[in-house]
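Asker: These protein sequence lines are chains A and B, in that order.
Sequence positions in the first sequence follow the numbering used here and run 36 to 149.
Sequence positions in the second sequence follow the numbering used here and run 19 to 133.
No lab work stands behind these hints: they were computed from the structure.
Among the hints, erroneous ones may be present.
Said to hold, decoys possible - Derived pair list, reagent style DSS-like, types lysine-lysine, alpha-carbon separation capped at 30 angstroms:
#: 1; chain 1: B; residue 1: Lys-73; chain 2: B; residue 2: Lys-38
#: 2; chain 1: A; residue 1: Lys-84; chain 2: B; residue 2: Lys-121
#: 3; chain 1: A; residue 1: Lys-96; chain 2: B; residue 2: Lys-38
#: 4; chain 1: B; residue 1: Lys-59; chain 2: A; residue 2: Lys-84
#: 5; chain 1: A; residue 1: Lys-103; chain 2: B; residue 2: Lys-121
#: 6; chain 1: B; residue 1: Lys-84; chain 2: B; residue 2: Lys-32
#: 7; chain 1: B; residue 1: Lys-73; chain 2: B; residue 2: Lys-121
#: 8; chain 1: B; residue 1: Lys-32; chain 2: B; residue 2: Lys-73
#: 9; chain 1: B; residue 1: Lys-59; chain 2: B; residue 2: Lys-38
#: 10; chain 1: B; residue 1: Lys-59; chain 2: B; residue 2: Lys-84
#: 11; chain 1: B; residue 1: Lys-82; chain 2: B; residue 2: Lys-121
#: 12; chain 1: B; residue 1: Lys-59; chain 2: A; residue 2: Lys-103
#: 13; chain 1: B; residue 1: Lys-84; chain 2: B; residue 2: Lys-73
#: 14; chain 1: A; residue 1: Lys-84; chain 2: A; residue 2: Lys-96
#: 15; chain 1: A; residue 1: Lys-96; chain 2: B; residue 2: Lys-84
#: 16; chain 1: B; residue 1: Lys-32; chain 2: B; residue 2: Lys-82
#: 17; chain 1: B; residue 1: Lys-84; chain 2: B; residue 2: Lys-38
#: 18; chain 1: B; residue 1: Lys-38; chain 2: B; residue 2: Lys-82
As the list claims (entries may be wrong) - Here are the computed distance ranges between Cβ atoms for each label pair:
#: 19; chain 1: B; residue 1: Lys-84; chain 2: A; residue 2: Ile-46; range: 20 to 26 angstroms
#: 20; chain 1: B; residue 1: Gly-34; chain 2: A; residue 2: Ser-87; range: 36 to 42 angstroms
#: 21; chain 1: B; residue 1: Asp-83; chain 2: A; residue 2: Ala-64; range: 29 to 35 angstroms
#: 22; chain 1: B; residue 1: Ser-72; chain 2: A; residue 2: Ser-53; range: 43 to 49 angstroms
#: 23; chain 1: B; residue 1: Gln-47; chain 2: A; residue 2: Pro-75; range: 28 to 34 angstroms
#: 24; chain 1: B; residue 1: Lys-32; chain 2: A; residue 2: Arg-104; range: 46 to 52 angstroms
#: 25; chain 1: A; residue 1: Ile-46; chain 2: B; residue 2: Lys-38; range: 21 to 27 angstroms
What the hints assert, rightly or not - Quick look at which bits of chain B chain A covers, simulated, 3 or more residues with Cβ under 8 angstroms:
#: 26; region: 37 to 46
#: 27; region: 54 to 61
#: 28; region: 79 to 89
Even for Gly, the Cβ is constructed at its ideal location relative to N, Cα and C.
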Amino acid sequence: AQSVTQPDIHITVSEGASLELRCNYSYGATPYLFWYVQSPGQGLQLLLKYFSGDTLVQGIKGFEAEFKRSQSSFNLRKPSVHWSDAAEYFCAVARGSTLGRLYFGRGTQLTVWP
Amino acid sequence: GAVVSQHPSWVICKSGTSVKIECRSLDFQATTMFWYRQFPKQSLMLMATSNEGSKATYEQGVEKDKFLINHASLTLSTLTVTSAHPEDSSFYICSARFAANEKLFFGSGTQLSVL
C-alpha cells in the first residue's frame with residue numbers, strides 16, 4: 036500500500052539557518068511526489084513536484100527537493116530560512132494515475148526563531 | 019492565479035443537523051474536485067473524488083450516505099455532512115484540478131464543529 040512518512044512532527048530553526056524536512060514514501064511504481072505548505076487560514080500551496088527526470092527539483096520560495104529512489108526519500112531543503120517560512124509542510128504522493136488523489140504525510144510544523 | 023474558494027470557513031452545528039460546504043473554482047473550469055478531511059495534528063485523508071456531472075468516487079471507509087458530494091457544474095462541488103455527529107468534527111479541504119493543464123489548487127478549508 037502507498038504511504039508517506041514525515042518522521043519529524045515539529046522542527047525549530049533559527050532564521051538564516053539551513054533546513055531539511057524529511058519525507059519517505061512507499062510506492063510500487065515510479066512515484067509522483069509533492070511538497071505543499073499550509074499557512075493558517077490559507078489553502079495548501081504547492082512548493083514543488085517530481086514526476087520524472089532530474090532528481091533535484093527546484094521549487095518556489097527558494098525550496099528544493101531531491102528524489103532518492105534507493106532511499107525512498109524526497110527531502111525538502113532550503114539553504115537559508117526566513118521567518119515567513121514558518122508553516123506546516125506536507126509531503127504527498129499521487130495515488131495511481133489520477134493527479135489530485137494524493138496520500139499525504141502527517142505534516143511537519145516549522146517554527147523559525149528570529 | 020487560479021483560486022479555489024471554500025465556504026464557509028467555519029461552521030458550528032447541532033448534532034443531527036446537516037451541513038453543506040461549497041468548493042468553487044473562481045477563474046477556471048475544474049472537471050475534477052477532491053475532498054479531504056484533516057484531523058488535528060494529522061495528515062489530510064482523501065475522502066472522495068468528484069467529477070462534474072457524475073457520481074463521486076469514495077475512498078474505502080468513507081460513508082457515501084453520510085458525506086454527500088455533488089458536482090453539478092464545472093466550477094462548483096458541494097459536500098454535505100448529513101446528520102452530523104461530534105465525531106464528524108474536523109477540518110474539510112477541497113481541491114480542484116484545472117482541466118486545461120491538470121494543475122491542482124486547494125481551498126482554504128472549512129472547520130466543522132458539531133456540538
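Asker: Determine for every hint whether it applies to the structure shown.
Answerer: Here is what the structure says about each hint:
1. Lys-73(B) x Lys-38(B): holds (17 angstroms)
2. Lys-84(A) x Lys-121(B): holds (11 angstroms)
3. Lys-96(A) x Lys-38(B): violated (35 angstroms)
4. Lys-59(B) x Lys-84(A): holds (23 angstroms)
5. Lys-103(A) x Lys-121(B): Given that 30 angstroms is the threshold and the Cα spacing comes to 24 angstroms, the pair holds.
6. Lys-84(B) x Lys-32(B): OK: Lys-84(B) and Lys-32(B) at ~15 angstroms, within 30 angstroms.
7. Lys-73(B) x Lys-121(B): OK: Lys-73(B) and Lys-121(B) at ~22 angstroms, within 30 angstroms.
8. Lys-32(B) x Lys-73(B): Holds. Lys-32(B) to Lys-73(B) sits at ~28 angstroms (cutoff 30 angstroms).
9. Lys-59(B) x Lys-38(B): holds (24 angstroms)
10. Lys-59(B) x Lys-84(B): holds (24 angstroms)
11. Lys-82(B) x Lys-121(B): Answer holds: Lys-82(B) to Lys-121(B) is near 27 angstroms, not above 30 angstroms.
12. Lys-59(B) x Lys-103(A): holds (27 angstroms)
13. Lys-84(B) x Lys-73(B): Holds, at about 15 angstroms.
14. Lys-84(A) x Lys-96(A): Measuring from Cα to Cα gives roughly 14 angstroms; hence the hint holds.
15. Lys-96(A) x Lys-84(B): violated (40 angstroms)
16. Lys-32(B) x Lys-82(B): holds (21 angstroms)
17. Lys-84(B) x Lys-38(B): holds (12 angstroms)
18. Lys-38(B) x Lys-82(B): holds (14 angstroms)
19. Lys-84(B) x Ile-46(A): 20 to 26 angstroms: With a Cβ separation near 36 angstroms, Lys-84(B) and Ile-46(A) fall outside 20 to 26 angstroms, so the hint is violated.
20. Gly-34(B) x Ser-87(A): 36 to 42 angstroms: Since the Cβ atoms of Gly-34(B) and Ser-87(A) sit about 50 angstroms apart, the hinted range of 36 to 42 angstroms is violated.
21. Asp-83(B) x Ala-64(A): 29 to 35 angstroms: The hint (29 to 35 angstroms, Cβ to Cβ) holds, given that Asp-83(B) and Ala-64(A) are roughly 33 angstroms apart.
22. Ser-72(B) x Ser-53(A): 43 to 49 angstroms: holds (47 angstroms)
23. Gln-47(B) x Pro-75(A): 28 to 34 angstroms: Taking Cβ atoms as reference, Gln-47(B) and Pro-75(A) lie about 29 angstroms apart, which means the hint holds.
24. Lys-32(B) x Arg-104(A): 46 to 52 angstroms: holds (51 angstroms)
25. Ile-46(A) x Lys-38(B): 21 to 27 angstroms: About 37 angstroms separates the Cβ atoms of Ile-46(A) and Lys-38(B), which means 21 to 27 angstroms is violated.
26. 37 to 46: Violated, because only 0 residues of the region 37 to 46 of chain B bring their Cβ atoms closer than 8 angstroms to Cβ atoms of chain A.
27. 54 to 61: holds (count 4)
28. 79 to 89: violated (count 0)
In terms of the numbered hints stated before, the structure departs from hints 3, 15, 19, 20, 25, 26 and 28, listed from lowest to highest.
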